[in-house]
Amino acid sequence: MSNETLLSVKNLEVTFNTPKGDVHAVRGVSFNLGRERLGIVGESGSGKSQTGRAILGLTAANGKITADQMTFHDVDLANLTPKQWRKVRGARISMIMQDPKYSLNPVMTIGDQIIEAYREHHKVNAKEARHRAIDMLDAVKIRDPERVFNSYPHEVSGGMGQRVMIAMMLIPDPELIIADEPTSALDVTVQLQVMAILDDLVRDRGMALIFISHDLQLVSSFCDRVLVMYQGHVVEEIKASALHEAKHPYTKGLLNCLPKMDGDHSDLPILEREASWAEG
Amino acid sequence: MSAVKRKKRDGRNRARFASGPTGTFLRLVFSLAITFFGLLLVTFLIGRVLPIDPVLAAVGDHASQSTYNRVREEMGLNLPLWQQFFIYVSNVLQGDFGQSVLTSNSVLYDIKRVFPATLELATIATIIGVALGIPAGVFAAINKGKWPDHVVRVIGLAGHSMPIFWLGLMGLLVFYMKLDWVAGPGRLDSFYVDFIEPTTGLMLVDTLIEGDIDLFWNAVSHIVLPASILAYFSLAYIARMTRSFMLEQLSQEYILTARVKGISEHRIIWRHALGNVMVPLVTVIALSYANLLEGSVLTEIVFAWPGLGLYITNSLLNADMNAVLGGTIVVGAVFISVNMLSDVLYRLLDPRARR
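Protein sequence lines, in the order shown, are assigned to chains A and B. As numbered in the working numbering, residues 1 to 280 make up the first sequence, in order. As numbered in the working numbering, residues 281 to 635 make up the second sequence, in order.
Everything labelled a hint here was simulated from the structure, so no lab data went into it. Not one of these hints is a red herring.
Cross-link-like lysine-lysine pairs, in silico, DSSO-like; alpha carbons within 27 Å at most:
(1) A:K127 with A:K87
(2) A:K20 with B:K424
(3) A:K239 with A:K10
(4) A:K64 with B:K424
(5) A:K123 with A:K141
(6) A:K123 with A:K83
(7) A:K64 with A:K83
(8) A:K239 with A:K252
(9) A:K64 with A:K87
(10) A:K10 with A:K87
(11) A:K87 with A:K123
(12) A:K64 with A:K10
(13) A:K83 with B:K426
(14) A:K64 with B:K426
(15) A:K252 with A:K10
(16) A:K10 with A:K83
(17) B:K426 with A:K20
(18) B:K424 with A:K83
Which stretches of chain B does chain A cover? Using the computed rule of at least three CB atoms under 8 Å from a CB of chain A, they are:
(19) 531-541
(20) 554-563
(21) 622-633
So, partial list: chain B residues that the calculated Cβ filter (under 10 Å) puts toward chain A:
(22) S544
(23) E545
(24) R547
(25) R551
Fair warning: this is a prediction, and the values are worked out from it, not measured in the lab. Yeah, the Cβ is synthetic: ideal placement off N, Cα and C, and Gly gets one too.
Could you put the whole structure together from the sequences, leaning on the hints where they help?
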């Protein structure tokens, strides 16, 4: 972990305007990110995914992003024109989506979709781009890259689809990868394989990673630092290795909910929530 | 090799055969044949249950009973129904739909004359409808709730609400009578009509085959107005459907993926979203095309367009049974083939449907 700050977020708020009134999805989230792997955990609706999307400026049309500061290197993410955004997205910050079944275009071949991501940011000819894409498919440990290159998304399995997604998002060589529940849609047996591939590539290429998940165990084993979110707030920020020393009752509650393999077979406690945590 | 293994392999081969391109083709032909058979059966039965006595129509009211019986036998109407149907099917398959009482030509000859006129009109109308309707729908979808959306909706609604014959008459009044931008009713100026040899029956093609550019532009000038008026209707429908399909696709996850990649909004809409919109849209376009191919009677009357709709209507009003049934078979066959065509296009556009 280096001290150089890549991303600095101060007091980020995401508010959605709905017919039932305003919904505050993210309320005052602040963090700094170096070349490290940061985990954001929380249950559904805690605002973890919306935090990730706000960093890429991809909040839905009825949402509003405000922040005291949101900078990536020297780029002010809070005030970008659509044209400037296109230079950041993909090329410098990228995001791995949740479910390859829905997040890949069903009528384009996998190869075309990967090449598109590469050529958007690198001026190369079609042959070179194809070469690159096949190398990248090889890098995510796809055994038969040529065949997958020419396949359509529905012709590959979920685990394979997610490797394709990783290849597609890493090929322009961004500095920061946001992985939004990258393994939640996969079989348990494939989850770890995919995570290991992502982890290797992120390390090799010296990228920073924001790993968004509801799986505290998974996050703590792949990240350096963990943010725990509850109802739009960061309730605790802690080193992954020191998770067992967590102070906040919510984090402790989450940890207690995990079943233990040895000894204790009593009922798992129910997660308790206090209204005061959401005011923080 | 053991018997079990061989059996297994045979099964796999059969599965591959049924799912390969040959299998798809065979299944297509098979379902085409079944549908066409059903069509013939229904038209045959309609022809038999209608209270029109074909014998009486041929011999007249005053013929003697013996003449009546002889003609009845000659027409094969004394045979059992299944045998009559068999004869009917074999006649139709040989292209024999019988004589038209009204025109005293063979029905096939008449249809060969009128169908190309309708085909030409419907094709040009569909091309205009698609070329304007899809961009209009996309434009409305990406500006949902803003003024371009309202404009497209109002124009579309107006297209659907105005009676087509009125629109046709107004079009003639304004663009032919007052402005003189286009030619009037008919497919060519009456002066030219006999100049052209009906090779394909499509005026735009025939004039080009003869290499007569003046005649070609004359034909264009005649078809523009009726085609545009028909196109207005299919345009309104196509734009409406495009808009709703587009809105649905733009909310999908893969659009967000494309945005993450930093792709231009233009490419996201026209390549990613529209590529998926085209899949259901092909069916919509095909159905609207098939509807136009049936012949739009009102437009054909207003523009004195000698098409299929006009022919079937006239035959119907004159109890010309053979012509009506022949026309019905043609319309049915057109529907079947347009459906087949949309099926094929569907497979081309959606890789998930290629099995």
